[in-house]
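Please construct the entire structure, taking both the sequences and the accompanying hints into account.
One point on numbering: in our numbering, the residue at position 110 of the sequence shown is 116, and numbering is uninterrupted.
Check the hints yourself; a few may be wrong.
[As the list claims (entries may be wrong)] EDC-like, lysine to aspartate or glutamate: derived pairs with alpha carbons at most 16 Å apart:
hint	residue 1	residue 2
1	Lys151	Glu49
2	Lys157	Glu73
3	Lys113	Glu131
4	Lys160	Glu44
5	Lys164	Glu44
6	Lys112	Glu125
7	Lys160	Asp23
8	Lys113	Glu125
9	Lys37	Glu26
10	Lys164	Glu26
11	Lys77	Glu26
12	Lys151	Asp23
[Unchecked claim] Distance ranges between label pairs, derived from CB positions:
hint	residue 1	residue 2	range
13	Lys37	Ile152	34 to 44 Å
14	Met7	Leu110	19 to 29 Å
15	Leu58	Arg38	18 to 28 Å
16	Asp153	Lys113	32 to 42 Å
17	Met7	Ile152	32 to 42 Å
18	Lys160	Lys14	31 to 41 Å
19	Lys154	Thr35	30 to 40 Å
Derived by calculation from the structure, the hints in this document are not laboratory data.
Note that the Cβ used here is the ideal one computed from N, Cα and C, for glycine as well.
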Amino acid sequence: MDRYFIDKLKDSTSIPDIFEIVKEVVWKTIKRSRAGLELGLVELGNHPRGFLGAYYISGSNMIVMNETPLKRIQETNTNLLVPYIFSILLHEYLHSLGLFNEKLVKKLTYEISCEIFGENSLIAEISRDMRKFFPNFIYPEGSPKIDKPIKLVKNFDKSNIRYIG
Numbered sequence: 007m008d009r010y011f012i013d014k015l016k017d018s019t020s021i022p023d024i025f026e027i028v029k030e031v032v033w034k035t036i037k038r039s040r041a042g043l044e045l046g047l048v049e050l051g052n053h054p055r056g057f058l059g060a061y062y063i064s065g066s067n068m069i070v071m072n073e074t075p076l077k078r079i080q081e082t083n084t085n086l087l088v089p090y091i092f093s094i095l096l097h098e099y100l101h102s103l104g105l106f107n108e109k110l111v112k113k114l115t116y117e118i119s120c121e122i123f124g125e126n127s128l129i130a131e132i133s134r135d136m137r138k139f140f141p142n143f144i145y146p147e148g149s150p151k152i153d154k155p156i157k158l159v160k161n162f163d164k165s166n167i168r169y170i171g
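Right, dumping it as structure tokens:
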């Protein structure tokens, strides 16, 4: 476990803050990084037995995150919000680094989570098997996809922003 990252994540107040920690954690553990990513939020809905949390558009600089589970978590257990966001962003960030084997990325997400936050942390538990959290992540009756444009998160990749002055 790494107290620095645990404390830093506790102080996080936004998705861009969480993503900066994801990037630091990945650099510390596997020494890989990339810059210039964007995050889009969109209502992808959920099926009563599952959902798509996010996806990385291969060959692009875009991660798209489903807003439906974020809303459900805010309604059921807000303590899961930061661990969920961290786990999802870590998984998709690994894809953005060129790791496309889903089984490998899932395993690596779990291993990194355990190394940094501990095997019994919510982040590690979500990374290992998020199905046990489905009551907090999905609407039991399902939720339809809402046909709206993707909303870009401002200043998502903050450490990549440069100011000319």
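Do the hints match the structure? See the list:
1. Lys151 with Glu49: With Cα atoms ~6 Å apart, Lys151 and Glu49 stay inside 16 Å; holds.
2. Lys157 with Glu73: Roughly 10 Å between the alpha carbons, so the hint for Lys157 and Glu73 holds.
3. Lys113 with Glu131: holds (12 Å)
4. Lys160 with Glu44: Holds. Lys160 to Glu44 sits at ~8 Å (cutoff 16 Å).
5. Lys164 with Glu44: holds (10 Å)
6. Lys112 with Glu125: holds (15 Å)
7. Lys160 with Asp23: holds (12 Å)
8. Lys113 with Glu125: Holds, at roughly 13 Å.
9. Lys37 with Glu26: holds (15 Å)
10. Lys164 with Glu26: Holds - the C-alpha atoms of Glu26 and Lys164 are around 7 Å apart, at most 16 Å.
11. Lys77 with Glu26: violated (22 Å)
12. Lys151 with Asp23: violated (27 Å)
13. Lys37 with Ile152: 34 to 44 Å: Once the Cβ atoms are compared, 39 Å apart, the range 34 to 44 Å for Ile152 and Lys37 holds.
14. Met7 with Leu110: 19 to 29 Å: holds (24 Å)
15. Leu58 with Arg38: 18 to 28 Å: holds (24 Å)
16. Asp153 with Lys113: 32 to 42 Å: Holds: the Cβ-Cβ distance is about 35 Å, inside 32 to 42 Å.
17. Met7 with Ile152: 32 to 42 Å: holds (39 Å)
18. Lys160 with Lys14: 31 to 41 Å: violated (21 Å)
19. Lys154 with Thr35: 30 to 40 Å: Cβ of Lys154 to Cβ of Thr35: about 36 Å, so the range 30 to 40 Å holds.
Hint check: violations occur at hints 11, 12, 18; the rest are consistent with the structure.
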